[in-house]
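Engineer: The primary structure of each chain is shown beneath.
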Amino acid sequence: MEASKPAPFQFVSRGPISRALEREGTLAFWLLAPTLLILTVFIAYPFVLGVWLSLSNSTVGEPGHFIGLANFYKIFADSIFRTAAYNTFVYTAITTVFKLALGLWLALLLNRHFRGKSWVRAFILLPFIIPTVLSTLAWKWMFDPTFSVFNWLFWKLHIINSRINWLGDPDLAMGSIMIVNVWRGVPFYAISLLAGLQTINPDLHEAAAIDGANRFQRFWYVTWPLLLPVTMVVVLFSVIQTFADFQLVYVLTGGGPANATHLFATYAYQIGIGTGLLSEGAAISLAMFPALLLVVVFQLWYIRKVENR
Amino acid sequence: MMIEGARWRKWLWFYLPLGAFIVALLFPFYWMVVTTVRPDGELYRPWNHPLYSPFWTSHPTFEHVKELLLETLFNTWMLNTMFIALAATLISLACGVIAGYALARLTFRWAGLLGTAIFVTYLVPQTLLFIPLAEIIRDYRIGDTPWALILTYPTFLIPFCTWLMMGYFKTIPKELEECARIDGAARWQAMVYIIFPIAVPGILSAGIFAFTLSWNEFIYALVFLSSPEQKTVPVGVTSELIRGDVFFWGSLMAGALIGSIPVAIVYSFFVEHYVAGVTGSVKG
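Chains A and B are the protein sequences, given in the same order. What the first sequence shows, in the working numbering, is residues 1 to 309, in sequence order. What the second sequence shows, in the working numbering, is residues 1 to 284, in sequence order.
Keep in mind the hints are simulated off the structure, nothing from the lab. Owing to the predicted nature of the structure, the values given are computational and were not obtained by experimental measurement. The reader is advised that the hints may include incorrect statements.
Stated by the list, open to error - With the C-beta cut set under 10 Å, the calculated list includes, among others, these residues of chain A facing chain B:
{"#": "1", "residue": "V41"}
{"#": "2", "residue": "T132"}
{"#": "3", "residue": "T146"}
{"#": "4", "residue": "S148"}
{"#": "5", "residue": "F188"}
{"#": "6", "residue": "D245"}
{"#": "7", "residue": "A258"}
{"#": "8", "residue": "I303"}
Claimed, not checked - SDA-like, lysine to any residue: derived pairs with alpha carbons at most 20 Å apart:
{"#": "9", "chain 1": "B", "residue 1": "K10", "chain 2": "A", "residue 2": "L102"}
{"#": "10", "chain 1": "A", "residue 1": "K156", "chain 2": "B", "residue 2": "P50"}
{"#": "11", "chain 1": "B", "residue 1": "K170", "chain 2": "A", "residue 2": "A195"}
{"#": "12", "chain 1": "A", "residue 1": "K305", "chain 2": "B", "residue 2": "P50"}
Stated by the list, open to error - Partial chain B-side listing against chain A, Cβ under 10 Å, derived:
{"#": "13", "residue": "I131"}
{"#": "14", "residue": "V237"}
{"#": "15", "residue": "L257"}
{"#": "16", "residue": "Y267"}
The C-beta atom is built at its ideal place from N, Cα and C for all residues, glycine as well.
If we strip away everything but chain A, and leave its shape as in the complex, we get (with noise of 0.2 Å):
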């Protein structure tokens, strides 16, 4: 130790503020004041005026009062709420399976030595990262009725011979939307399960091998149980995003043809502030509320059970 090297912090000022901030639970409240003055103003807050809203007969411009549960019984009683709220189950259904399976094989896929892999890996994020409206446009482009390359494709390739209607025809526009979610969210899952392969000793398979397990044996017993963890909050994430979703019903259809293909933001959206219908629109958000939160609640439980084993 040299003794005649200054410290390199000095303090000149000792005052209370000073020593204030030194004791740990202080200094904690002050960092993260900030933040929870903004999450009380604009999340807690807005919550509670939605719960309120939801109860009372309130309209733009107009405050209005109580009224109980009305709206919850007009929404329930209304079929394109309920239709809404089925598309939503599907929608959520579906596109996750497809995403996880999906997901899951392109991230195997990445996890093999391949010339030119940081440029592939880059590449395919990209549609996560565009502006989900812009490249939503492109899809509504491409499944446009009467100038669709899709139909161009399928016709050349001999399968169809009238156009297919991809977004004007009730059957189909829930699909078609579907195609896109899962387009979407694909580089997502791939990306953050290639992660969690990544952690995988390489050792595990090579002993699994050896054991004699066949490829399909060492990704069920060895590879799979060890990704669990990641998938499940992968998954959670983007049933939670999913299930909430807005951007591509709004961009593709605005929950057309025929309200077939609301969801139930979008169908709040056209309510509350299409309509200005607040209280109703408020009721319809917020009937997404108990879905959510079970899995937010499955959610940590999964994670503390994860993280106390």
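Please build the complex by placing chain B on the supplied structure of chain A, with the hints as guidance.
Structural biologist: Coordinates of chain B only, in the frame set by chain A:
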């Protein structure tokens, strides 16, 4: 023989599916580019027209780009989005870095509870609260101004930044701070001068990710802004370039393409940080 068999198999099980993934994931962007430079006469040929030439164009034109840049408010939207995204990102980074530090490295009462609370707000989707928030924005009289977005975007950016930074701070050894403290540093000095510089890669990841998220945001911008000259790129392109039922696909695709460029540039410079952000966002 063995090797040939292996090569054939590798093509079937590896190159073919990988190639299919790449084509499927990138084709829409190629389509945007081709549509942007395609002249109108060629653009509006029905799918079963004998001259429909989907994958190239013989007469590339910049008409649509010119129209977009000179005859619409596109430049204004770009500037608006840039300003809003930068401001929201800076606010969120400042709050998220210090909050993440407190939650990861200080011991205090309620630490666990606050950490969980911030994590839960991270999971709140924008579509749950946009209607009451629109009321609040109106009450504060900041509707139709950039502040409506600069103040509300941090609600989903701060939890994300906090979460990412918590994970990053946890990987930095405690001894570094202890050394600084022995050298006479105050607790906050150890944080600012020792830990923050080490955390720069994490801060970069969080910032880049937050920037792209703000550029991407749609529903708040759609609901809180109304006049055309206040809009952001995603909202402007979807609402102002479509007049009635008429879609101007050439300039629409030009707008989608050029509107994506800032995000693409940021992304291309910081791919590694970005990937760290994506994976960090789910790892914690």
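Engineer: For every hint, state whether the structure bears it out.
Structural biologist: Going through the hints against the structure:
1. A hinted interface residue such as V41(A) counts as satisfied when its beta carbon comes closer than 10 Å to some beta carbon of chain B; here the least separation is about 8 Å, so the hint holds.
2. Hint status for T132(A): holds, given a least beta-carbon distance of 6 Å to chain B, under 10 Å.
3. With its C-beta approaching chain B no nearer than about 5 Å, T146(A) sits inside the 10 Å limit, and its interface hint holds.
4. Hint on S148(A) holds. Least Cβ distance to chain B is approximately 5 Å, under the 10 Å limit.
5. A hinted interface residue such as F188(A) counts as satisfied when its beta carbon comes closer than 10 Å to some beta carbon of chain B; here the least separation is about 7 Å, so the hint holds.
6. Because the closest C-beta pair between D245(A) and chain B is about 8 Å apart, less than 10 Å, the hint holds.
7. The closest approach between the C-beta of A258(A) and any C-beta of chain B is roughly 17 Å, which is over the 10 Å cut-off, so the hint fails.
8. Nearest Cβ of chain B to the Cβ of I303(A): about 8 Å, under the 10 Å cut. The hint holds.
9. In summary, the hint linking K10(B) to L102(A) is supported, as the alpha carbons are separated by about 19 Å, within the 20 Å threshold.
10. Taking the CA atoms of K156(A) and P50(B), the gap is near 11 Å; set against the 20 Å cutoff, the hint holds.
11. The straight-line distance between the Cα atoms of K170(B) and A195(A) is roughly 19 Å, inside the 20 Å bound, and the hint therefore holds.
12. For the hint pairing K305(A) with P50(B), the CA-to-CA distance comes to about 61 Å; that exceeds 20 Å, so the pair is violated.
13. Given hint, I131(B) at the interface with chain A, holds; its Cβ is 4 Å from that chain's nearest Cβ, closer than 10 Å.
14. Taken as an interface hint, V237(B) checks out: its beta carbon lies about 7 Å from the nearest beta carbon of chain A, inside 10 Å.
15. Against a cut-off of 10 Å between C-beta atoms, the interface hint on L257(B) holds, since the closest Cβ of chain A lies about 8 Å away.
16. Taking 10 Å as the C-beta cut-off, the interface hint given for Y267(B) holds, the closest approach to chain A being about 5 Å.
The structure does not agree with the numbered hints 7 and 12 stated previously, though it agrees with the rest.
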